[in-house]
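Undergrad: Top line first, the protein sequences correspond to chains A and B. The first sequence maps to residues 36 to 603 in our numbering. The second sequence maps to residues 36 to 603 in our numbering.
There may be inaccurate statements among the hints.
For identical chains, the list gives no copy identity; a pair is met inside one copy or between any two copies.
Claimed, not checked - When the alpha-carbon atoms are kept at most 25 Å apart in a straight line, the in silico DSS-like pairs for lysine-lysine are as follows:
hint : residue 1 : residue 2
1    : K86       : K535
2    : K535      : K87
3    : K455      : K44
4    : K595      : K87
5    : K546      : K161
6    : K69       : K455
7    : K577      : K226
8    : K546      : K516
9    : K40       : K465
10   : K59       : K44
11   : K535      : K589
12   : K516      : K552
13   : K421      : K47
14   : K40       : K161
15   : K69       : K310
16   : K51       : K86
17   : K284      : K226
18   : K535      : K595
19   : K465      : K546
20   : K161      : K47
21   : K398      : K86
22   : K546      : K601
23   : K44       : K161
24   : K455      : K87
If you are wondering where the hints come from, they were derived from the structure by calculation, not from laboratory data.
There are 2 protein chains.
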Amino acid sequence: MRFSKAYIKTLKETPKEAEIASHKLMLRAGMIKKLASGIYAYLPLGYRTIKKIENIVREEMDRAGAQELLMPVVQPGELWQESGRWDVMGPEMTRLKDRNERDFVLSPTQEEMITAIVRSDISSYKSLPFNLYHIQTKFRDERRPRFGLMRSREFTMKDAYSFHTSQESLDEEFINMRDAYSRVFTRCGLKFRPVDADSGNIGGSGSQEFHVLAESGEDEIIYSDGCSYAANVEAAISKLVNPEKEELKEIELVYTPNCPTIEALANYLDIPLNKTVKALMYKDMGTDEIYMVLIRGDFEVNEVKLKNILNAVAVEMATDEEIEKLGLKKGYIGPYKLPSPVKVIVDLSVPEISNHIVGSHQKDYHYANINYGRDYTADIVADIRKAKAGDDCPYSDGKLHSARGIECGHIFKLGDKYSKAMNATYLDEKGQSHYMLMGCYGLGITRTMAATIEQYNDENGIIWPVSIAPYIVDVIPVNIKNEVQVGLAEKIYNNLQEEKIDVMLDDRDEKPGFKFKDADLIGFPFKVVVGKKADEGVVELKIRRTGETYEVSKDEVVAKIKELMKIY
Amino acid sequence: MRFSKAYIKTLKETPKEAEIASHKLMLRAGMIKKLASGIYAYLPLGYRTIKKIENIVREEMDRAGAQELLMPVVQPGELWQESGRWDVMGPEMTRLKDRNERDFVLSPTQEEMITAIVRSDISSYKSLPFNLYHIQTKFRDERRPRFGLMRSREFTMKDAYSFHTSQESLDEEFINMRDAYSRVFTRCGLKFRPVDADSGNIGGSGSQEFHVLAESGEDEIIYSDGCSYAANVEAAISKLVNPEKEELKEIELVYTPNCPTIEALANYLDIPLNKTVKALMYKDMGTDEIYMVLIRGDFEVNEVKLKNILNAVAVEMATDEEIEKLGLKKGYIGPYKLPSPVKVIVDLSVPEISNHIVGSHQKDYHYANINYGRDYTADIVADIRKAKAGDDCPYSDGKLHSARGIECGHIFKLGDKYSKAMNATYLDEKGQSHYMLMGCYGLGITRTMAATIEQYNDENGIIWPVSIAPYIVDVIPVNIKNEVQVGLAEKIYNNLQEEKIDVMLDDRDEKPGFKFKDADLIGFPFKVVVGKKADEGVVELKIRRTGETYEVSKDEVVAKIKELMKIY
Chain A
36 MRFSKAYIKT
46 LKETPKEAEI
56 ASHKLMLRAG
66 MIKKLASGIY
76 AYLPLGYRTI
86 KKIENIVREE
96 MDRAGAQELL
106 MPVVQPGELW
116 QESGRWDVMG
126 PEMTRLKDRN
136 ERDFVLSPTQ
146 EEMITAIVRS
156 DISSYKSLPF
166 NLYHIQTKFR
176 DERRPRFGLM
186 RSREFTMKDA
196 YSFHTSQESL
206 DEEFINMRDA
216 YSRVFTRCGL
226 KFRPVDADSG
236 NIGGSGSQEF
246 HVLAESGEDE
256 IIYSDGCSYA
266 ANVEAAISKL
276 VNPEKEELKE
286 IELVYTPNCP
296 TIEALANYLD
306 IPLNKTVKAL
316 MYKDMGTDEI
326 YMVLIRGDFE
336 VNEVKLKNIL
346 NAVAVEMATD
356 EEIEKLGLKK
366 GYIGPYKLPS
376 PVKVIVDLSV
386 PEISNHIVGS
396 HQKDYHYANI
406 NYGRDYTADI
416 VADIRKAKAG
426 DDCPYSDGKL
436 HSARGIECGH
446 IFKLGDKYSK
456 AMNATYLDEK
466 GQSHYMLMGC
476 YGLGITRTMA
486 ATIEQYNDEN
496 GIIWPVSIAP
506 YIVDVIPVNI
516 KNEVQVGLAE
526 KIYNNLQEEK
536 IDVMLDDRDE
546 KPGFKFKDAD
556 LIGFPFKVVV
566 GKKADEGVVE
576 LKIRRTGETY
586 EVSKDEVVAK
596 IKELMKIY
Chain B
36 MRFSKAYIKT
46 LKETPKEAEI
56 ASHKLMLRAG
66 MIKKLASGIY
76 AYLPLGYRTI
86 KKIENIVREE
96 MDRAGAQELL
106 MPVVQPGELW
116 QESGRWDVMG
126 PEMTRLKDRN
136 ERDFVLSPTQ
146 EEMITAIVRS
156 DISSYKSLPF
166 NLYHIQTKFR
176 DERRPRFGLM
186 RSREFTMKDA
196 YSFHTSQESL
206 DEEFINMRDA
216 YSRVFTRCGL
226 KFRPVDADSG
236 NIGGSGSQEF
246 HVLAESGEDE
256 IIYSDGCSYA
266 ANVEAAISKL
276 VNPEKEELKE
286 IELVYTPNCP
296 TIEALANYLD
306 IPLNKTVKAL
316 MYKDMGTDEI
326 YMVLIRGDFE
336 VNEVKLKNIL
346 NAVAVEMATD
356 EEIEKLGLKK
366 GYIGPYKLPS
376 PVKVIVDLSV
386 PEISNHIVGS
396 HQKDYHYANI
406 NYGRDYTADI
416 VADIRKAKAG
426 DDCPYSDGKL
436 HSARGIECGH
446 IFKLGDKYSK
456 AMNATYLDEK
466 GQSHYMLMGC
476 YGLGITRTMA
486 ATIEQYNDEN
496 GIIWPVSIAP
506 YIVDVIPVNI
516 KNEVQVGLAE
526 KIYNNLQEEK
536 IDVMLDDRDE
546 KPGFKFKDAD
556 LIGFPFKVVV
566 GKKADEGVVE
576 LKIRRTGETY
586 EVSKDEVVAK
596 IKELMKIY
């Protein structure tokens with residue numbers, strides 16, 4: 036491509052609305068154009084990278100034995116009514132009516148549709164298993180679209196759905212997909228981590244996320260230095276190290292002035308935090324029921340775990356008013372001598388602490404020497420603890436660490452959640468009917484593009500990995516009026532094209548500094564600068580990632596670039 | 036691909052709703068799946084053909100110098116308000132509101148959006164001309180979706196938009212695109228015709244359609260046997276051959292009992308039809324104004340031409356009631372001594388007829404010897420005549436003929452219609468501002484797939500051209516229990532794969548007749564049948580299009596297929 040013909044409009048100034056590197060740089064490099072909040076056009080330069088990511092995904096899905104189809108963007112609403120998600124999905128799912136007043140939705144995801152297709156085609160175990168995928172536009176009407184392609188409303192996603200007769204077959208395909216995803220992100224040149232994850236409202240029995248590592252990532256990842264364990268903080272677990280047990284003592288009411296927090300109380304009574312228990316009040320946002328949640332004083336509640344245990348859509352801390360209505364007193368809450376019937380949820384850490392202190396429902400007083408089992412019990416005892424950096428690894432002698440990640444892929448074992456709701460069955464060898472088991476596998480194409488820039492950028496612009504760079508080489512004649520320079524630049528441009536290397540020739544009548552700035556902003560992995568030494572047949576080859584520069588003879592430049600393309 | 040693993044569910048019975056070959060056969064071959072009226076999923080087999088058509092389009096658009104981008108499916112409504120089409124587009128444009136009650140539309144077309152993008156990027160003549168295209172899902176809420184992918188609501192289209200500083204540049208790009216389209220349809224293996232066309236509600240100064248020829252086509256095409264002239268009947272013109280002029284005579288009121296039609300009148304008075312004039316009453320469906328339309332008795336009114344001349348959204352024949360309200364009498368309408376003010380539109384043929392007869396506004400009487408100019412005039416004189424087979428060619432000595440076609444492409448010179456409405460301007464060399472001139476170029480990807488089947492099918496199924504067949508060869512071992520046959524089939528399958536020829540191996544444990552039926556239905560261009568002569572290393576090679584069969588040695592089969600691939 037000749038720069039003079041290319042539809043590329045770079046910007047000097049960063050548009051005000053952009054907060055993170057990928058958003059700023061995609062706008063500045065002329066890769067995307069905002070058309071409405073969270074709705075972008077992918078301009079020619081940006082779309083080249085998207086197509087390259089799509090092709091890598093397509094190749095690896097095909098290699099893994101999945102078959103590509105294309106499902107529509109506009110889905111019949113009745114499928115969502117069948118699955119029960121019509122009422123569960125909030126305003127992020129855009130609903131519309133056709134000219135005959137029938138309900139439709141803009142695809143936020145395709146579990147319902149693929150299940151409807153497969154149930155109408157498949158009746159026998161002989162046709163199973165298989166995996167169908169598509170790469171399609173999706174729409175989610177985010178409450179707060181932001182960060183450019185990171186959280187846009189319209190975006191491109193690859194989603195795959197597999198169908199099975201047994202859990203073993205599903206487990207196998209899950210590993211097959213995990214491996215395919217690892218190949219995809221590796222081929223995109225990315226540092227990434229597959230992590231255990233919460234399944235969210237998709238449902239099912241197990242899931243993993245693929246996170247591209249970047250400081251700006253919205254998600255916290257916990258990982259072990261002793262083994263391969265890694266998880267989204269939402270799902271992460273750590274080894275529970277308990278204090279030593281003591282002999283049980285008699286309950287006492289103790290005076291604890293000005294100790295409304297667990298830290299103040301531990302400090303006043305001179306007890307280590309890991310021998311205290313704190314009580315928190317949570318509300319199930321679906322049912323409005325309020326729960327008392329107990330956890331060791333030095334731990335935090337993982338609200339995602341709590342939500343899952345309560346089978347709730349969401350949980351939030353109860354308000355002071357709601358707490359008072361139950362006859363409880365903020366700062367002095369406890370499970371002993373409850374003034375009204377409240378369900379109690381207890382973290383696994385709590386039964387291990389002997390003689391702990393709890394609120395007495397009156398200001399400035401606590402009960403001491405309270406013991407789980409003897410003095411109170413719980414409706415649920417479960418792991419609701421937030422794992423954090425510094426905790427012990429649950430699977431090795433290692434320690435846990437924390438990193439930031441961008442979720443670019445998510446694979447799920449759905450089990451029979453959708454096949455049951457939508458009656459997708461098959462007949463086995465004996466003619467008996469069963470629900471199919473399903474897996475689903477999502478990969479954000481446009482988000483992966485943004486995540487790549489978050490991982491690879493500097494103050495001058497983007498630094499594309501070779502495999503997904505819109506163009507790999509930028510050939511720049513320093514003086515567009517110098518025939519020798521222009522001639523040599525054209526020759527190198529043609530040679531690279533013959534080798535099927537995506538190359539740009541910056542034939543614009545602009546100052547070299549201006550062209551270099553554009554080159555760095557757009558992020559070509561390599562620049563070939565054809566300057567004064569063109570007379571001698573020598574050019575400069577610059578590596579964007581490292582800043583290294585080589586003087587290379589014109590006859591070697593293509594070979595040198597091919598060599599470097601294997602590294603970057 | 037192994038048939039046993041492929042997601043292909045063929046049907047013996049034709050689904051009732053399907054009326055035309057492509058719809059029936061795509062459903063029966065398991066290429067598409069209906070999810071709602073006019074909304075289909077493209078199953079793996081069908082999507083392979085779609086991707087092949089897309090790739091041909093992409094290659095030819097790139098070769099023509101166009102640059103690919105991707106614009107969103109969900110468009111801000113305000114762009115359509117700006118262009119003025121928000122109010123013009125009927126219910127076929129689906130409107131929706133986001134969670135903040137802002138107006139959006141599902142893309143029926145993208146003139147507004149591309150103009151919005153370009154006006155924000157381009158300010159100088161130096162950046163022009165260019166041509167941007169995308170291949171994207173579109174949605175049009177058809178009143179009567181039918182014929183499968185031929186008239187579906189959600190479909191895939193390539194649309195391109197070019198921007199220019201001069202009419203010459205636009206004209207040049209129009210020809211460039213016409214050539215690119217010809218290459219696309221040629222590479223798809225189709226018989227097609229570029230024809231002059233009406234511009235419809237897209238607007239602009241000139242347009243051509245690309246029709247794939249097929250008996251089942253919805254459109255009538257008029258073409259010349261004397262030159263390359265061809266046009267959609269909506270836009271077609273023919274040479275006007277006038278009767279000889281006569282000396283003007285005095286007006287007479289003549290008794291014409293029982294002659295309410297022009298044929299009856301001509302018969303009764305023994306005048307040739309080409310010396311009569313008929314009067315018709317039309318209504319502009321936008322303004323409700325009613326017009327009198329006069330045309331020679333042996334001609335038909337082309338309502339599209341009439342609509343364009345009136346600048347109307349649509350025209351329809353006025354009802355008897357509407358005619359009577361104007362004081363006119365059906366069967367006795369005429370422009371002479373009009374009882375109320377009605378605008379008169381006259382076809383070019385009318386002023387050429389001397390001494391013709393017109394209605395007298397009273398039953399059983401007509402005025403004879405009426406002459407245009409002397410006895411009445413018109414508000415508009417224009418070509419509103421329908422050209423038909425048998426007419427003389429307007430550009431050569433040839434005759435016109437008629438054929439049926441399927442409109443798969445449409446290219447337009449838009450001029451400044453959108454740039455003016457949406458203020459897309461550039462500065463010229465002197466710093467003066469001008470509106471950009473635009474062209475737009477659509478090509479229906481999924482419709483081209485359906486049109487191909489309309490052109491290529493027989494009673495047994497589809498007959499794919501090699502270039503867009505989902506698979507080119509079907510290798511069928513006759514007896515799946517015979518090791519020699521299976522071994523040889525596997526070998527040929529592997530050899531073809533090594534040559535990157537898309538091949539299916541029908542490894543299913545089914546009777547050969549069953550497999551042959553599937554092969555013919557799906558439409559593989561070539562079958563390799565590995566039967567009894569496998570022992571001798573000989574197989575049968577069948578050509579789907581011609582029914583020809585060759586006996587070929589195992590070592591020659593790949594070479595023979597490669598040779599045949601150049602022909603079919």
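Undergrad: Now look at each hint and say whether the structure bears it out.
TA: These are the hints, each one checked on the structure:
1. For the homomeric pair K86 and K535, the shortest alpha-carbon distances inside one copy (16 Å) and between copies (22 Å) are both at most 25 Å.
2. Taking identical chains as interchangeable, the C-alpha atoms of K535 and K87 lie at most 25 Å apart whether they share a chain (14 Å) or sit on different chains (21 Å).
3. In the homo-oligomer, the alpha carbons of K455 and K44 lie at most 25 Å apart only across protomers (22 Å), although the nearest pairing inside one protomer, at 52 Å, exceeds that limit.
4. Only within a single protomer do K595 and K87 lie at most 25 Å apart by alpha-carbon distance; the minimum there is 23 Å, versus 35 Å between protomers.
5. Proximity of K546 and K161 under a CA criterion of 25 Å is satisfied inter-copy only: 17 Å between copies versus 67 Å inside one chain copy.
6. In this homomeric assembly, K69 and K455 come within 25 Å of each other (Cα to Cα) only across copies, at 22 Å, whereas the closest approach inside a single copy is 41 Å.
7. For the identical chains of this complex, K577 and K226 are intra-copy neighbours only, at 23 Å inside a copy versus 51 Å across copies, given an alpha-carbon limit of 25 Å.
8. Taking the shortest alpha-carbon separations for K546 and K516, only the intra-copy value of 11 Å comes in at or below 25 Å, while the best inter-copy value is 73 Å.
9. With identical chains, the CA atoms of K40 and K465 are at most 25 Å apart between copies only, with a shortest distance of 22 Å across copies and 66 Å within one.
10. Taking identical chains as interchangeable, the C-alpha atoms of K59 and K44 lie at most 25 Å apart only when both belong to the same chain, with a minimum of 14 Å there against 48 Å between chains.
11. Within a single copy, K535 and K589 get their C-alpha atoms as close as 18 Å, which meets the 25 Å cut-off; across copies the closest is 35 Å, which misses it.
12. In this assembly of identical chains, K516 and K552 lie within 25 Å of each other by CA distance solely inside one copy; the values are 20 Å within and 67 Å between copies.
13. Taking the shortest Cα distances, K421 and K47 never come within 25 Å of each other, neither inside one copy (44 Å) nor across copies (58 Å).
14. Taking CA atoms no more than 25 Å apart as the test, K40 paired with K161 passes between copies only; the shortest distance there is 10 Å, against 55 Å inside one copy.
15. In this homomeric assembly, K69 and K310 never come within 25 Å of each other (Cα to Cα): the closest approach is 54 Å inside a single copy and 63 Å across copies.
16. With identical chains, the CA atoms of K51 and K86 are never at most 25 Å apart, being 28 Å at best within one copy and 39 Å at best between copies.
17. In this assembly of identical chains, K284 and K226 lie within 25 Å of each other by CA distance neither inside one copy nor across copies; the values are 54 Å within and 95 Å between.
18. Taking the shortest Cα distances, K535 and K595 sit within 25 Å of each other inside one copy (15 Å), while across copies they are farther apart (30 Å).
19. Taking the closest pair of Cα atoms, K465 and K546 come within 25 Å of each other only across two copies (23 Å); inside a single copy the shortest separation is 78 Å, beyond that limit.
20. Taking the shortest alpha-carbon separations for K161 and K47, only the inter-copy value of 19 Å comes in at or below 25 Å, while the best intra-copy value is 60 Å.
21. In this homomeric assembly, K398 and K86 never come within 25 Å of each other (Cα to Cα): the closest approach is 64 Å inside a single copy and 72 Å across copies.
22. Neither within a single protomer nor between protomers do K546 and K601 lie at most 25 Å apart by alpha-carbon distance, with minima of 32 Å and 50 Å respectively.
23. Within a single copy, K44 and K161 get their C-alpha atoms only as close as 55 Å, which misses the 25 Å cut-off; across copies the closest is 12 Å, which meets it.
24. Within a single copy, K455 and K87 get their C-alpha atoms no closer than 37 Å, and across copies no closer than 37 Å, so neither meets the 25 Å cut-off.
Hint violations for this structure: numbers 13, 15, 16, 17, 21, 22, 24, all remaining hints satisfied.
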